[in-house]
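Colleague: Chain by chain, the residues:
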Amino acid sequence: MRHRLLFYSLLLLAPFSLAAALLSGSADLSLAQLFNGNGTAGEILWQLRAPRAASAFACGALLALSGVLLQVLLRNPLADPYLLGISGGAAVGALGAMLLGLAAVQLAALGGALGAMTLVLALSFNRHAWSMHHLLLTGVALSAGFGALISLMLSLAPGSGLHGMLYWLMGDLSYARQPGLAWAALLATGSAGWLLARHLDVLAIGELKAKSLGVAVLPLQAGIYLAAAVATAAAVLECGSIGFVGLIVPHLLRLLGVHSHRWLVPCAILLGGSFLTLADTLARSVIAPQQLPAGVLTALLGVPLLLFLLSRQDAKY
Amino acid sequence: MLSTENLHLEVPGKILCQDLTLALEAGQCWAVLGKNGSGKTTLLHALSGLDKPAAGRVRLDGRALGEIPRRQLARRIGALLQEESTAFSGAALDYVLLGRFPHGATLAPNISDIAAARRALHRVGMGQAERQALATLSGGERQRVRIAQLLAQAPDIYFLDEPLQHLDLPHQLAVMQLFRRIAHDEGKTVVMVLHDIYWASRFCDHALLIHDGGKIVHGATSFMITQNTMENLYQCRFRTVTTSDGNYFLPTLE
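Protein chains in written order, with the numbering used here: chain A, 39 to 355; chain L, 14 to 267.
The set of hints was computed from the structure by calculation and includes no laboratory data. These numbers were taken from a predicted model, which means no experiment stands behind them. For every residue, glycine included, the Cβ atom is placed at its ideal position computed from N, Cα and C. Some hints could be false.
[Unchecked claim] Residues from chain A that face chain L, not an exhaustive set, calculated with beta carbons under 10 angstroms:
| id | residue |
| --- | --- |
| 1 | R113 |
| 2 | A135 |
| 3 | S229 |
| 4 | L233 |
| 5 | A235 |
| 6 | D239 |
| 7 | I243 |
| 8 | G244 |
| 9 | K247 |
| 10 | A248 |
| 11 | G252 |
| 12 | V253 |
| 13 | S298 |
| 14 | R350 |
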């Protein structure tokens, strides 16, 4: 079976991408040095590269998973993790903290993400109904609003702080040191997504049809929203707004013939994780010791790949 | 089996159903007739538990629909909806398999689900297309696959909203025969919204007519579908053509 083969290939790609992340960088370390490594080599490996690779993998996986979930929830192929304003809220929080010179940038970002989540949810309820159409438009409107706030803060920022802010916005893994939270979020949202795979399949063919097939639609939608929001927030807190992973990875997999969520969810986790890990490895090694923001690399690699697959596909996708 | 008490349905500014008391029994095949916008779909949604009525109650074997858990309800009541689902990107068989959702395993369809889905596709003459992407099928073929999904769901009561849309005449005939068999031979209840009076009078044993203002009358087809009642319902003149296969009602020009 085609999707089974794809799944096992992705299962192999994941350790490969992690190994590549551990082995490459501005200091050349051989396999032997890394594994008997104590002193500098061990420090570089276990203090710098390993946590960064673990963060990259978890964040890429979270973003791809969030994209899969939101594309079902909003029934819109353009849905991506940033559509709901969660990353915009986190960015406003983080940049605000940087502008005020506060140390607790992550905490401020978490506050911003939670604030945006609540705001979108509250505004998208009209009377008794929760319409996905409303949710989508509310998210788009709030994202635009956050975008304006971000521009305002960038224009007010002193020159010395600007670089850090821009890197945060473009998605940057150089400060990612605590992959624990992202992995915990991935474990929770990933297993929820996989257990609900058949529910997602049914919801994807329409709310009313799903209802007539026995799905409790509103609780399911609320659960999907929560899982997608948690996944997005956890990824953004760890590595800033890394674009395109959440949009491109699910579509890549669909173009490769994966449609059932039983396969789409685990494949998206594996491909998203490997993709961001490889992109970040490239980001810090192409023009080493200079580092590029990983978000730039994900777009530069992902966009042509998606366009290539799209152009090879029959018109019926 | 399914009954209503003083069912009242409305949309803003319009009453669609007033004080309807109705009992649907096993083995019956119903036609629902009415003009555009008269409330046929709204009635179907209320009867199948997809929408709450403004007032009154729908009961399945004595239990109010709202008290029955959704999955359990979906094993008893199935609906073919009017809206076309275009978002599905997988194969026809995968689409039909979603009809097995209310039964058995939640994680993945099992062998008996797959067998039921294949059987359903064969019953609508789409067995050869199981591997084809749903999106590559024609409108009529897609309609038959949607019917197959409902057959795979295997409920006791079938609500069909315009089951003949997009179908050519031979397939309209095949679908009408299929559902009459499901009602008469398998003892299920079938309720279908139709626009073609001929199919309704030839294949259905009961008819429900929705008039303006939500006044609903129902009864045996032979009493409900006559030139008089049809002219009254559609507010249009008809000519009756009698053939050995039943009566045709043709709208006249003046």
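Colleague: Now, for every hint given, state plainly whether the structure supports it.
Modeller: These are the hints, each one checked on the structure:
Contact between R113 (chain A) and chain L, as hinted, is supported at the beta carbon level, the nearest pair being about 6 angstroms apart and thus within 10 angstroms. Among the interface hints, the one on A135 (chain A) is violated; its C-beta lies about 41 angstroms from the nearest C-beta in chain L, farther than the 10 angstroms criterion. Below 10 angstroms, beta-carbon pairs count as interface contacts, and S229 (chain A) has none with chain L, the closest being about 12 angstroms; its hint is therefore violated. For L233 (chain A), the shortest C-beta to C-beta distance to chain L is roughly 7 angstroms, which falls under 10 angstroms, so the interface hint holds.
The beta carbon of A235 (chain A) is positioned within 10 angstroms of a beta carbon in chain L (closest approach about 7 angstroms), and the interface hint is therefore held. Residue-level restraint check for D239 (chain A) holds (minimum Cβ-Cβ distance to chain L is 6 angstroms; threshold 10 angstroms). Of the supplied interface hints, the one on I243 (chain A) holds, with its beta-carbon coming within about 5 angstroms of a beta-carbon of chain L, less than 10 angstroms. Interface restraint check for G244 (chain A): the shortest CB-CB distance to chain L comes to about 5 angstroms, inside 10 angstroms, so the restraint holds.
A hinted interface residue such as K247 (chain A) counts as satisfied when its beta carbon comes closer than 10 angstroms to some beta carbon of chain L; here the least separation is about 6 angstroms, so the hint holds. Hint on A248 (chain A) holds. Least Cβ distance to chain L is approximately 8 angstroms, under the 10 angstroms limit. Among the interface hints, the one on G252 (chain A) holds; its C-beta lies about 3 angstroms from the nearest C-beta in chain L, closer than the 10 angstroms criterion. For V253 (chain A), the interface hint holds, the least distance from its beta-carbon to any beta-carbon of chain L being 7 angstroms, beneath 10 angstroms.
For S298 (chain A), the shortest C-beta to C-beta distance to chain L is roughly 6 angstroms, which falls under 10 angstroms, so the interface hint holds. Among the interface hints, the one on R350 (chain A) is violated; its C-beta lies about 16 angstroms from the nearest C-beta in chain L, farther than the 10 angstroms criterion.
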